[in-house]
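Chemist: Residues per chain are reported as follows:
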Amino acid sequence: MAPVDIGERLRALPGGTAVTLKLDPREYADHYFAILNATLRDVGTETNAHTIYVAVTNPASFVWGLAQALDVLPDRISFVDAISHIMMDYRDPLPNATYIETPRALESIMLRVEYLLKKYPHERSIVVIDSVNSLAIHNPPELLSEFFHILLNMLKSRQVLTIVLEVAEEETAAVESMLNLVVDETIDVAREGP
Amino acid sequence: MVPPPETAEPRPSPAVGGLMAPATQLERCVTGVEGLDNILYGGIPRGNMVLVAGSVGTGKTTLCLEFLVRGAERGERSLFLSVTEASDKLIQNLSTFEFFRTDLVTNGSLVFVDLPVLYDRLGLEHEELTEEEIAILIRTIRDLVRQLQVKRLVLDSLTSVGYRIRRDERIRDFMLRLGLELSDAGCTALLVSEIGPTPGRYSLHGVEEAIVDGVVLLWNARRQGDILRVLQIIKMRGTTHSQAQYVVELTPIGLLLAPHLKGAHQDGQ
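Keeping their order, the protein sequence lines are chains A and B. In this text, residue positions in the first sequence follow my numbering: the first is 1, and each later residue adds one. In this text, residue positions in the second sequence follow my numbering: the first is 1, and each later residue adds one.
Bear in mind the hints are in silico, worked out from the structure with no lab data behind them. Virtual Cβ for every residue (Gly too), placed ideally from N, Cα, C. Any given hint could turn out to be false.
As the list claims (entries may be wrong) - Heads up, simulated DSSO-like pairs for lysine-lysine below, C-alpha to C-alpha not over 27 Å straight-line:
hint : chain 1 : residue 1 : chain 2 : residue 2
1    : A       : 156       : B       : 262
2    : B       : 235       : A       : 119
3    : B       : 262       : B       : 235
4    : A       : 119       : A       : 156
5    : A       : 118       : A       : 156
To be verified - The following residues of chain A were derived to be distant from chain B, with all beta-carbon distances above 10 Å:
hint : residue
6    : 99
7    : 108
8    : 169
9    : 177
As the list claims (entries may be wrong) - Chain B side only, calculated, beta carbon under 7 Å to chain A, not exhaustive:
hint : residue
10   : 132
11   : 135
12   : 249
All chains should be built: construct the whole structure from the sequences, respecting the hints.
Modeler: This is the structure in structure tokens:
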């Protein structure tokens, strides 16, 4: 199958869409960078766009380092970091990040996303959730399903483009069926290529 | 100059409109705390006296302060009666929030009064207030509300006043009379009630919750050892309201509410 241009596909999606990007665990590093390139640079730097990046897999500082390598400007992205505190790595907070003590505080993730949407109103708002697998480590499937159901519907009603990162083959059946229920589209990077 | 208050229309709710629509809609006092207005389907019925009950650190004072600031912004003169904390310190804390504007204080839209100073001026010196002293206190609050045309009032806290009233029948009488005066003036009031972390009671004397028109309860719930700040409307006369629990965050732009997820075991309330 011919490789897809993820950035092009994401750019074509209207506000209010929720999409899952599936990564191949065997080519995780390549796929992860390709996805950041597509989400933060190709879509995130569109005129009047702002990205809210929910960092659970890697700390905001790590993602911000990669974003800088992609020439993303600090006023184009803000972070909800739910992992640095639990890693006891909170010495140098980023000015464009808000920190949550634990990935178990799912309501806090919802509220910080809402806070950033209100604080940085843009024509094109993008929320990236990285990742469903990391959230599943810390939260039971019923709670996670409830979280995604409420959050994604809230974001849809506000015309936000939501991008959920998922590592293929690592998700449970419960998480998989929940995502099928709440997202509009799945781009299988593992199958289609970055 | 304080602009005239906007007329607040109730919003559609699951029970407002359609087959469950009540015969009459009461005018609302839009709190301006977006999440709270949503779960009250448009705000507090104007003139209601509402208990804001919660243990320490649950956000009672911040909720009340945002209610007053949002009101002052809408042209409704707002009065904060402080018993537990000096006004200067309150304003200093308030200035850390983006929703606060100092000009609301300087132009008289948002007024702070320290109740202990008022006690001294009125000569209310008995440790337990007499019936006459209670009457003086009510008259003074009434006069303040009338003279300043106050539309929103916060008493922080009713519990501290209750420590000086002590007897159940006197606190009941104090609240009934205060409620009538405020309602007559079209003034919507939030009375802060400090309670312990154990559930089952909303006030010091246990009679307050029966007299007020509404009870907003705040508490710290636990999930796997983590604390979540939770809010629930226990009662609100004159309107239907959400019965669900909501997690609250105090953000620089004000209080935000999200549904309390129920998927996991809770060992809190």
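Chemist: Give a verdict on every hint.
Modeler: Each hint tested on the structure:
Restraint check for residue 156(A) and residue 262(B): satisfied, since their Cα atoms lie roughly 22 Å apart, inside the 27 Å limit. As the CA atoms of residue 235(B) and residue 119(A) are separated by approximately 32 Å, the hinted pair breaks the 27 Å bound. For the given pair, residue 262(B) sits about 22 Å from residue 235(B) by alpha-carbon distance, which is consistent with the 27 Å threshold. Of the supplied pair hints, the one linking residue 119(A) and residue 156(A) holds, its CA atoms being roughly 18 Å apart against a limit of 27 Å.
A threshold of 27 Å between alpha carbons decides the hint, and for residue 118(A) with residue 156(A) the separation of about 15 Å falls inside it, so the pair holds. With a minimum CB-CB distance of about 13 Å to chain B, residue 99(A) clears the 10 Å threshold, and the non-interface call stands. Its closest Cβ contact with chain B, about 6 Å, brings residue 108(A) to no more than 10 Å, contrary to its assignment away from the interface. Residue-level check passed: residue 169(A) sits 24 Å from the nearest beta carbon of chain B, beyond 10 Å.
Distance check on residue 177(A): its Cβ is at least 15 Å (rounded) from any Cβ of chain B, clearing the 10 Å threshold; non-interface status holds. A least Cβ separation of about 48 Å between residue 132(B) and chain A goes past the 7 Å threshold, and the interface hint is therefore violated. Checking residue 135(B) against chain A by beta carbon gives a least distance of about 45 Å; that is not within 7 Å, so the hint is violated. Annotation: interface hint on residue 249(B) holds; nearest CB of chain A at approximately 4 Å, less than 7 Å.
Hint compliance for this structure: hints 2, 7, 10 and 11 are not met, and every other hint is.
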